[in-house]
Amino acid sequence: MTAFARIRFAALLLMLFGLATAPVLAQKLGPDGAPNPTASVTNQKTLLEQAPRTQGRIDIPDVKASVLMQPAGRTWDYFHEVLLHWGGAVVIVGMLAVLALAYLIMGRLRIEAGRSGQTIVRFKAFERFAHWLTAVSFVLLGLTGLNITFGKVLLRPLVGPDLFSDISQIAKYVHNFTSFAFVAGLVLITVLFFRDNLFKQVDIDWVKQGGGFIKSKHAPAGRFNLGEKMVYWLSVAAGLLVSASGFVLLFPFYGTNIADMQIAQVAHAVIAILFIALILGHIYIGTLGMEGAFEAMGTGEVDINWAREHHDRWLAEKLEAEGRQASATPAE
Amino acid sequence: MLIRKSERRPERARLFDAAADEASAKLDRRTFLKRSGVTAGALAAVGELALHSVRKAEAGPPPPVGATVTTRKNVCTHCSVGCSVIAKVANGVWIGQEPDYDSPINRGSHCCKGAAVRDDVLNERRLRYPVKLVNGQWTRISWEKAIDEIGDKLLDIRQKAGPDSVYWLGSAKFTNEAAYLNRKLAAFWGTNNSDHQARICHSTTVTGVANTWGYGAMTNSYNDIRNAKTILLMGGNPAEAHPVSLQHILEGKELNRANMIVVDPRMTRTAAHATEYVRVRPGTHIATIYGMLWHIFENGWEDKEFLAQRVYGLDEVRKQVAKWPPKEVERVTGLPEAQVKHVAELFAKQRPSTLIWAMGQTQFTTGTSNVRASCLLLLATGNMGLPGAGANIFRGHTNVQGATDLGLDVTSLPLYYGLAEEAWRHWCRVWEVDYDWMKSRFPDKKLMETPGIPSTRWFDATLLPKNQISQPNPVQAMFIMGHGVNTITRMPEAVKGIEKLELLVVCDPYPTAWSVLSERKNGTYLLPACTSFEMEGSRTNSNRSLQWGEKIVEPVFESKNDYDTMYLFARKFGFADLMFKNIKVENGAVSADDILREINRGGWSTGYCGQSPERLKAHMRNQHKFDLVTLRAPKDDPEVGGDYYGLPWPCWGTPEYRHPGTPILYNTNLPVKEGGGTFRARFGVERVVKRKVMENGQEVEREDHDNLLAEGSYSVGSEIKDGYPEFTLGVLKKLGWDKDLTAQERETIERINPADPDKVSWSTDLSGGIQRVAIEHGCSPYGNAKARMIAWNLPDPVPVHREPIYTPRPDLVADYPTLPDAKQFRVPNIGFSVQKAAVDRAISKQFPLILSSGRLVEYEGGGEETRSNRWLAELKQHMYVEINPADAAERGIVDGGWVWVTGAENSSRARMKAQVTERVGKGVAWMPFHFAGWYEGADLRAKYPTGADPIVLGESVNTLTTYGYDPATGMQEPKATLCQIRAA
Amino acid sequence: MARMKFLCDADRCIDCNACVTACKNENEVPWGINRRRVVTINDGKPGERSVSMACMHCTDAPCASVCPVKCIYPTEDGIVLHDKDLCIGCGYCFYACPFGAPQYPQVGNFGSRGKMDKCTYCAGGGGPEAPGSAEEYAKYGSNRFGEGKLPMCAEMCSTKSLLAGDGDIIAQIYEERVEKRGYGSGAWGWTTAYHEDVKS
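Residue numbers (this note's numbering), protein chains in the order written: chain U, 17 to 348; chain Z, 101 to 1084; chain P, 34 to 233.
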């Protein structure tokens, strides 16, 4: 993943550029020992070599205006227009390609035992609400976010500059305001599913058994298998980072400077792209990739056979708690 | 040609129009007429200023369809450089400015103030109509009612307490004509209590410099600084106070690779461009100059020929300078020998050298002596009367030079004639009024000839017991036209003074701090004056050039111009017909041209006689013809041929004589007729001094008759090849030149003094004949004398270093005390007692920081106008104090944090922000003086008339400043006092 | 074709802010929007220099490059204009701008930005409005350039520090100045803005 390496490199570069220091002053004295202000002046080139961001005093209350020059803007431009475009495209298109390939090779993972006709509640209404709140806002954020980066390449030629601007203007507001819904959803998800996503012994077995991808083996799992746990933890982490950087961007220059803003934007963009790739995988497995999975978040109830195949220990616990015996017979 | 647009297709698919823009545009879209209509409370606070997408400009370019755009030229009102402003006007609305590249003074340039003057006129925060306080509430009244009520009250006070109980405080922002009219009004009213801002800016310069070589003004010009090899700035920060002058200074510095030395307590924006910066302690100017002179005399760097021919009193100066060896200089100023010597050597040897100063020399109890010391340095090094040399004294306001010239001064009638009977008789002849009638306006002849109360002391003259004031009664009414209250020191006492007044009238485009400082409930009137952009008239810039300003737009709202306002009051007082005898008044509109013509008819002493309105207007039309460096137009030009730009005074003779003006004073390298001159013979032809000398081993007293006239020096083309006295008819007769007078001239002269026509002089001859004849013979009408190094009529004939009243060095007070207490200008000056008490009470321990004050580039004067200007106010939104990082660290003060500053008198205190900067040295705090509207921590915004509060308010530095007055002029001491600062 | 540029001779700049108010006056720029500003480096110390800065109208302008709606573009004179009808106020141009030029009126709550505003070189706007029209003035300000005039900030500069016009000519003026006076702190921002430098 060289693109990622380059992005990291660029981000690092920006961070370094952010470290503007007060320009070093070599004061020159006259023959009598009094300062010679004219001769003491440092050439602007030297100043930029000493600190890539030149900052001084300004009397208007706009603090960011005190930065006179920051050539790092051009570096950020390079990141945004070259690294991010190509990197983002590679990651997202690459992910789609991987999923397409998976579908072609493995096809849809069926419920091996067929549907039992009996269902069991997997997600309560509130849990589903939390998921869909996050999911819908994520999709909105993702699409509007992608529009900011790729819209001018993909959409603008199709709809023309004016319509594209209007769409983007709406998209901007949608992106800004949906962020609050997303954060709310994220918090809910994090809390609701926290306990069931803690790593357990069974996760090791799950890996050893091929994570359900090897048809001959049965991979044991609790309410969430290791794959789902990974999605959970990565989402929580990415969500946290993308939200944090997002709010820095939403409240520009509130205690941040130009370098902070650039770093926040780089972080936001990079994490969002990776996040999108992750969620694409999540969506695939939850819909097209696996029979019976979508119902979990759709109706909240899953077929017992599906549960047995993918979350045997959870099913067992669940049934035990409910005090009922699951029938192994197929529905028909 | 420019191809600006992108490849936008005509058909535009849109989801919505730029609706957000429309909404906010509608909100702000008020026509100018509607805006200028009298609607109260337009913009109450900064927070309400439109911050929406794009603000529709009501008055900006382009002009409305079908409107014709005319351009009018006026002069920026914000400093003495005199930058031309070109205004574009459409439908009577000022829609934009253009750079005036033709002006030889500013060549299109402006500072932030000049580039923003359009908002001085368009400003929504101007006072819209006359108001008066009724039980603490501002109430709208009509002009007629205002004139009536104020007039009745003034006449009542005049009746009860005498004319001297009304104080006429005029303005440096007046045009020449308004300043003259204001002085004339005070004369007709019967008082010499007529003053203006020059008191607190360059009164000490005028007195000190005039007492040295004749005239108290800048000797060269801004443009002429381009010729200098060494530019020494002591006590001035023109980069902020006179920004456009830096165009000439820096270009001169670059082209000549000139030395530019800044001696200042602060590393100012000017110092940033210097080739040498010397940091001094405030209030040690004389010690510094003597330190330089010590090296100059020690090494023989002085200009011996110049001193022998054109300077009187060198020996006395040598004696004084001998007391200042390098060690003593270092003890007092803190400057090491090497620096003082180096600066002295550059100044004396790399000539021509010019000395530039402003308030950094003048605003001290030793102000007059400070500028005198500067003159001594210039004389000793022969840097006078030459291009590139001279005393380049930067005046403050637009027309502070003109207003000073035209006698808004407690010590003189217009044009420095003084107050003696002869002066009154001269002006009575010009005004065509009877001298005895004029005398009857005053309580007595003595008060008529006694200087009035300086503006710095108006509140003392209000508050002090009657027996301490040398006039019949204390001041009971202040009539202020264009003068702030916050620029005068000791504000806590001014507040008490305002409260004690029976009547307070403020005639100004803005309400000013006068209106909000006190707890007055009644007896207060605010009259809306228009700005100088809304009236005709001339202004004299610092280099003595007069520039005519055209009326750009009609006065906005209900404001009136100064002429018309004064006419209305003269009419109310019953002497309008007499006062405006030779001035045309049509439907209440006074002719500015006629006022200038009257000034021309009386302005012989200072050469204000040749600048007719016609000539000045021709100069404004032909600006592009004047040379950038010499300021002269080609001789063959039909309209302005051979003239210097603005006919810098003295412009001798009648306008028809076409004297070109004098760009450099006392320049003997040019014939007088071409703008040359000599030092003025103002102090007699000889001085009788008793000296003790050793004769035959015995000390005897000998009476010397020192020659005060020049010796062997004269201007080019002079028929008298030596010094000569000032010209009178008698002198002309002795020379046999009286036959050159025309019959008409001789007749006028004889009419002036029928008893003894020989006594009629160049300055009282209303025909201009004596001047003409003298000049035709190559002579200066005012004589050819030596400059005086010793000015025996001043409190300190030779400058003496004296510590500020509140000095951080009490140890030096024993050696260098201020002058003894005395009564000056009708009030006591108890500086000595105050200084002694401060030393005895160890005030400098309690208040260890030196407090100095000065100017910001964005604001001017009291700041009411500029702090209301939306483009300027944004740039400096807070009052602040500059404090050195070391002092700040000791006190836990951070940059941008709030602090309380306490002053050494009146338990005064002020709350402001701290600016922690190395610009000031350790132990020094500095504040801008333009702020008002907060007082001791309280925000007074609610007390302004609705909608007329300036955008930016803040504490005034003068809340903290203290006692201290120059004995020769009554100048205050805001540049050196003491304070303490703590984090708030 | 002349390539328009700005050059601030910091050895002449005295922080008088004439450029700032000239801009405000000429273009009726509202409070809080600072198309041009003056920053002082090493404030209060010998060696202090003030520099007037606004949009430099860069070569390969990074703002134009990053704009997600492509509303910023250079004219044939090298002036970087933008179309407010298209601008969505995203703020990216500020991150990309090496000179802090883009300004945004605050609309609504928190950091929500309105349409970007910046120095137009007094050349009107990049939108469809007719040059010199009232509509153009309302959105972008003055169109002096169309009348053959230079930006007001440079025209009114108190010390002729701020130079505007054909880049080759102003570079030459600056080089001559440096040669005459013997010092010069350089053409501030030129390497970043124009990928070239002048002798100093």
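The hints are simulated quantities; they were obtained by calculation from the structure and are not laboratory data. Being a predicted model, the structure only gives us computed values, none of them experimental. Any given hint could be a false lead.
[Claimed, not checked] Simulated coverage check for chain Z against chain P, where a stretch passes if three residues somewhere in it have a Cβ under 8 Å from a Cβ of chain P:
| hint | stretch |
| --- | --- |
| 1 | 187-200 |
| 2 | 405-417 |
[Stated by the list, open to error] Cβ-Cβ distance ranges computed for the label pairs, FRET-style:
| hint | chain 1 | residue 1 | chain 2 | residue 2 | range |
| --- | --- | --- | --- | --- | --- |
| 3 | Z | Pro920 | P | Gly215 | 45 to 55 Å |
| 4 | Z | Ala1038 | U | Tyr270 | 30 to 40 Å |
| 5 | U | Asp78 | Z | Gly741 | 31 to 41 Å |
| 6 | Z | Gly1037 | U | Tyr270 | 51 to 61 Å |
| 7 | Z | Gly1037 | U | Leu214 | 57 to 67 Å |
| 8 | Z | Lys566 | U | Asp78 | 28 to 38 Å |
| 9 | U | Leu304 | P | Thr92 | 27 to 37 Å |
| 10 | U | Trp102 | Z | Lys1022 | 28 to 38 Å |
| 11 | U | Tyr270 | Z | Lys1022 | 29 to 39 Å |
| 12 | U | Asp78 | P | Glu212 | 50 to 60 Å |
| 13 | P | His228 | U | Val79 | 22 to 32 Å |
Virtual Cβ for every residue (Gly too), placed ideally from N, Cα, C.
Now for the hints, and whether the structure bears them out:
With a threshold of 8 Å between beta carbons, the proposed coverage of the stretch 187-200 of chain Z by chain P holds, since 3 of its residues qualify and at least three are required. Closer than 8 Å: that is the beta-carbon criterion, and the stretch 405-417 of chain Z has 0 residues meeting it against chain P, so the requirement of 3 is violated. As the Cβ distance of Pro920(Z) to Gly215(P) is approximately 53 Å, the hint placing it in 45 to 55 Å holds. In this structure the hint that Ala1038(Z) and Tyr270(U) lie 30 to 40 Å apart at CB holds, the actual value being about 31 Å.
Between Asp78(U) and Gly741(Z) the CB atoms are about 53 Å apart, so this pair departs from the stated range of 31 to 41 Å. Taking the beta carbon of each, Gly1037(Z) and Tyr270(U) are about 29 Å apart, not inside 51 to 61 Å as hinted. Between Gly1037(Z) and Leu214(U) the Cβ separation comes to about 59 Å, which falls inside the hinted range of 57 to 67 Å. Taking the beta carbon of each, Lys566(Z) and Asp78(U) are about 56 Å apart, not inside 28 to 38 Å as hinted.
A beta carbon spacing of about 49 Å between Leu304(U) and Thr92(P) contradicts the range 27 to 37 Å that was offered as a hint. Here the CB-CB span from Trp102(U) to Lys1022(Z) is close to 57 Å, at odds with the stated 28 to 38 Å. Against the hinted window of 29 to 39 Å, the Cβ-Cβ separation of Tyr270(U) and Lys1022(Z) comes to about 36 Å, which satisfies the hint. Taking 50 to 60 Å as the suggested C-beta distance range, the pair Asp78(U) and Glu212(P) does not conform, at roughly 37 Å.
At about 29 Å, the beta-carbon gap between His228(P) and Val79(U) stays in the expected band of 22 to 32 Å.
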